[in-house]
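> Just so you know, the protein sequences line up as chains S and D, in that order.
If you count the first sequence from 1, you need to add 145 to reach this note's numbering.
Note that this note's numbering gives residue 0 to position 19 of the second sequence, counting from 1, and the numbers run on in steps of one.
These aren't lab readings, by the way, just hints derived from the structure by calculation.
A hint or two may mislead.
Mimicking SDA-like on lysine to any residue, the simulated pairs with C-alpha atoms at most 25 Å apart in a straight line are [stated by the list, open to error]:
| hint | chain 1 | residue 1 | chain 2 | residue 2 |
| --- | --- | --- | --- | --- |
| 1 | D | 225 | D | 20 |
| 2 | D | 170 | S | 342 |
| 3 | S | 322 | D | 160 |
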Amino acid sequence: MAENTVNHPFTKKAPAERKGWARRFFAPIGGVFRVVFAPRIHIPRFVFAIVVSLVLLALVVFFAPTLREWTLAVLPGPRAEAAEAKDASRDITRLTTRVRNVERQYVSFVPRRPYLVVDTSNNRFSLMSGGKPIRQGVCSTGSYVLLKAGDDRQWVFKTPRGRFFVQQKEESPVWHKPDWAFIEEGLPVPPVGAAERFETGVLGDYALHIGHGYLIHGTLYKRLLGMPVTHGCVRLDDEDLEVIYKNLAVGSAIFIY
Amino acid sequence: MNLVTGTDTNDTAERDRTGKRSRILHRVGAIALVIVAVLPAMAAFVFLVALPAGRLSQRHQPLSQTSVERPTTPARADSTTRQRDAQLSGLRRDEAFWNARVELAKQETIGLAVDLVDSIASLDIRGVPVRNCKIRRIEISNAIRRLQDRGDFRGRISKPLVVRAEEATLPKEPIRVTEAPKDTIEAMKAAAKPLPSEEVDVFFTLYFDGNLALAVRQFEKPSSRGFRRNTLLRLKENLRQAKKAVFAIVHSQVPQHEMRIEVAVSREDAKAIYRALGPKAGLALRL
């Protein structure tokens, strides 16, 4: 037992007897090692040094971005040579004009006639005119449900994002039920054109077609407005729908994000 | 007696010499060990920290375009000159931003315009700002501050930067899988279930070409789960950087410093931004 203690690399001498800065430097680290590993494990000093080296290396590699940021904060910044006053003022005038022109070009992208903006993340809409909202409220958008029919057919009910245009306006719309409408209700799918496929009164008083079978329409389930519950269409409250229907013409832009 | 004493003295001297030699050897050994321990880390520091930082601190060209063409006599760096330079560089950055935004408007994808001067992040669809989000907190990498007046950097941000990768604490699309019901009774049961609410803490990082990363954080204090997810996200980001550093070491390249911008917006805004941006979304940046 006593021999073991004497042979141990970190317990050759009692801490008080240790001399030299290197020993004092390694003493606490060695102490940690002694606590972490079994007290009688013999660790040769070079192995210990390699382990410390690897740990330090890993720390530098891991924190290199932070260290770089700190270094950049300390290093003096590169200063550009100053330009001559006459040239600079001429440049400023020229640049100001150029910036204004590009800004004007950017602003020209905003539609002149009213347009609709739909936020699918928070289920809200804004009817805009001249870049300012004229009506805002809640709506319902795609539920992100992936419906699996069991026969390799599946549908994801999400509202498409991007810019669309009103392609058609319809009063008292009739819903032409697609296959999924029957499948998700556990009903047999009727043939195309069958009378069961047409349903009146469920889409509200108006509908605006935005392409690819997607509509902006009313709903019977008003308590669900503000929630993502639809099959991809945008559902609105009756009053909001009426205002939007009256303000948007065929060709008006719809922005969905 | 004398003899004995003489022998003792010689022995003591011999022991002292041996002890001194062993102490010296021991010290040399200890110094060697310290060098072995510290040298690789020092080398890594020089390679991964000092060299990339040094590169970013190089001198760059004059601000005035016309002054590049002919030799200049550096003017006195008085307050008027500094003010003029600041105005010039600000205008150049503005020009780059608006050019990028116009380019963004020509793309089909939804883009993001981050205006760090006015603290506004805006989602753009074909040139129409559909959502303006107030930026509550901004942290900009020192590297960007150093590079923002360089012509090559301005050139890079005068076109939309494209998203190359992303990390987030929330799914891009909250897909819920539903098996089709077998009959109407099963369908009615499924319809009666309440809708699951999506309460998520929003933290995400977008990595753009040109070695730029935009970290968007929700301004609101996260839940404990959100905090854990955010910590994990940061860890992932650091690991990603470490991987890049190791790659650079292996290929004997000086690693490029990732320029990072961190902005905090409201949770709703952060969610809207993250969900709206497509896989190759563009970014216009105003510094």
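> Decide, hint by hint, whether the structure agrees.
Verification of the supplied hints:
1. D:225 x D:20: Between residue 225 (chain D) and residue 20 (chain D) the Cα gap is close to 21 Å, so the pair holds against 25 Å.
2. D:170 x S:342: holds, 23 Å
3. S:322 x D:160: The hint holds at about 19 Å.
Checked against the numbered hints given earlier, this structure breaks none of them.
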